[in-house]
Amino acid sequence: MPVENPRILTKNYDTPNAWTIEAYERAGGYQSLRKAVELGPEKIREEVKAANLRGRGGAGFAAGVKWSFLKVTPGKPNYIAVNADEGEPGTFKDRTLMEKDPHRCVEGFIISAYALDVHTVFVFVRGELVLAIKRLEQAVREARAKGYLGDTVLGRPFKLDIVVHAGGGAYICGEETSLLNALEGLRGEPRLKPPFPAVIGAFGAPTIVNNLETLATVPTIVDLGGDAFSRLSRLHHLRDGGVRLYGVSGHVNRPGVYEAPVGITLRELIEDFGGGVRGGRKLKAVIPGGSSTPVLREEDIVNAPDEKHPLHAWHGKSHLDVPMGVDTMRALGTMLGTCCAIVMDDTTSMVRVAENLMLFYAHESCGQCTPCREGCAWMARLCRKFADGTATKVDLDTLGDVANNIMGNTICALGDGAAMPMLGILKLFRNEFEAAVGKPVPRIGEGAAS
Amino acid sequence: MAFELTTERLAILEELLPKYPTKRALTLPLLHLCQEQAGHITSDVVTYVAKKLELSTADVQGVVTFYTLYQQKKVGRNVIWVCRTLSCELTGARGITHALEKKLGCHVGETTADGEFTLFQAECLAACGQGPMMQLNDEYFENLTPEKLDAILDAARRNKDASCAVTFSPIGLRTRKQG
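Just so you know, the protein sequences line up as chains G and H, in that order. Position 332 of the first sequence, counting from 1, maps to 332 under the working numbering, and the rest follow consecutively. Position 82 of the second sequence, counting from 1, maps to 532 under the working numbering, and the rest follow consecutively.
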């Protein structure tokens, strides 16, 4: 049976000039906002809770629960900071929303601000994404001219401004507290938590930081109702609701962004959406949700004979046949991340993959914490040694040690995000590193099938 | 000579200032505006931004050196960012990078002798499904092959109105134009 491909978030993707307010309104746009102001803030928050909307930025925290943490003091400002700093290798879904359907994003921001009694929304977009910034700014201008925001929202006395803020180019600013520092005009170095942003966030005020796709989903939740939205998911029973954007890239026939219910399997993503591995080759490994998530292999089988195990329902099945949900992927020892998979065929050297990934983290570590600053660069150097054939056996132990000494020893998750995929590759493909001692490894695209 | 923003760009700054609770929050946007005008962040620009936002020059310099988009040295009239990250490498980014180096006659990190192009490597530009890809000024070029590069580079050479700083600024004059 082919996988479902609902067109909810991507409804307008193929419409000509979908980014203009005329096209968006013609397709029923801003009707959810009308419904939302009738419902009122409390009811919207309840619907978002009932929707089991797990954050789409990677951590998968329940958005409705996060919203309930916002510490509101009457008379003091609160903010929403939208995280549109999409920069994780393999992840390219938020950019499509901003470029193809910016009004859906803006409508989501307005409803969320109304629900949380927030009067300023800062949208932090990667500075590189010029078209996305342009489209969002135009959408905000058009929405203001139509009375959807400004001094009133649909004629109601609710003052709201949406400020599109261009970043300076740094992966770390996708980390929520680093994003707040960048927004405040500082170097994008993460802050210690607690205090969490919902208590002390942007400019010292309570702030909700949500991923862009998370908020772009809110109009649909208001439209369908939270429970009905949640039931679109195959993992509704695990409180992981709705539909979401998936990405698939690398060695597949049809790379791209696709919409599907939460809980499709990696096999469906690769085969049904991605069109299978390029050139009919064999799949070697897949990174399930952005470069920080540990790799999976088709030949690994779920071993969960215990009925209480979260993966018991998939006992005996391939890792690729486990539904992609926040909790199921965690139980597999990886993470769901952003649901954007990177597919590698059997010609790919995992030593070279590790080298590529570690160079990224070495470049992007903000430098604040020693284990990450030194560790990421160290891992990158060691991977390069294995790739060049100059590594020794001792280097293999060192590589594991360095990764293990980053884990849990840094302010933010970037260090863990580098160490986890490194340890994942070492666990599944240690033999390739052993074989690379004293023997250079072919570059990606230049190797033979292994 | 000391750096000053043009009236047009100053108007953008004035429009943005009341939207933020602090002046300091304008550091990134103002640096983008200044770079659009000056081409790169000179020490005069740093002094100007510090004065405008009531910060120390060290604060501003610290920000400039943290982010990749702020150029501390003069760059070419066109700037190319070719992605080297995993999805693009899997689909042939290395070949594209080498072809660019050959066609331009400069290495990654360098500017061509005629000042037309600067070539940088990028750490993922969120176009993983369309790899290999590169960003030339503010435009994305996706599903690249070495054969496609000549036409792209020629068009950029011919487009004499474009200067990277102007086309690239994410909040500058061009971005704010309607359309």
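A portion of the hints provided could be inaccurate.
Cut-off 25 Å, straight-line C-alpha distance, at most; resulting in silico cross-link-like pairs (PhoX-like, lysine-lysine) [what the hints assert, rightly or not]:
hint, chain 1, residue 1, chain 2, residue 2
1, G, K66, G, K159
2, G, K317, G, K385
3, G, K159, H, K523
4, G, K76, H, K469
5, H, K523, G, K76
6, G, K43, G, K76
7, H, K469, G, K71
8, H, K552, H, K523
9, H, K523, H, K553
10, G, K146, G, K66
11, G, K43, G, K66
12, H, K501, H, K473
13, G, K439, G, K393
14, H, K469, G, K146
15, G, K11, G, K71
16, G, K76, G, K193
17, H, K553, H, K598
18, G, K159, H, K473
Because the hints were derived from the structure by calculation, they are not lab data.
Okay, the hints, checked on the actual structure:
1. G:K66 <-> G:K159: Roughly 23 Å between the alpha carbons, so the hint for G:K66 and G:K159 holds.
2. G:K317 <-> G:K385: Cα-Cα ~37 Å, so violated.
3. G:K159 <-> H:K523: violated, 43 Å
4. G:K76 <-> H:K469: holds, 16 Å
5. H:K523 <-> G:K76: violated, 43 Å
6. G:K43 <-> G:K76: holds, 23 Å
7. H:K469 <-> G:K71: Holds - the C-alpha atoms of G:K71 and H:K469 are around 22 Å apart, at most 25 Å.
8. H:K552 <-> H:K523: holds, 23 Å
9. H:K523 <-> H:K553: holds, 23 Å
10. G:K146 <-> G:K66: violated, 31 Å
11. G:K43 <-> G:K66: Between G:K43 and G:K66 the Cα gap is close to 16 Å, so the pair holds against 25 Å.
12. H:K501 <-> H:K473: Given pair H:K501, H:K473 holds - Cα atoms ~11 Å apart, limit 25 Å.
13. G:K439 <-> G:K393: holds, 12 Å
14. H:K469 <-> G:K146: The hint holds at about 20 Å.
15. G:K11 <-> G:K71: Not OK: G:K11 and G:K71 at ~35 Å, beyond 25 Å, violated.
16. G:K76 <-> G:K193: holds, 22 Å
17. H:K553 <-> H:K598: Status holds; Cα separation ~12 Å.
18. G:K159 <-> H:K473: Judged against 25 Å, a Cα distance of about 22 Å means the pair holds.
When each numbered hint is compared with the structure, violations occur for hints 2, 3, 5, 10, 15.
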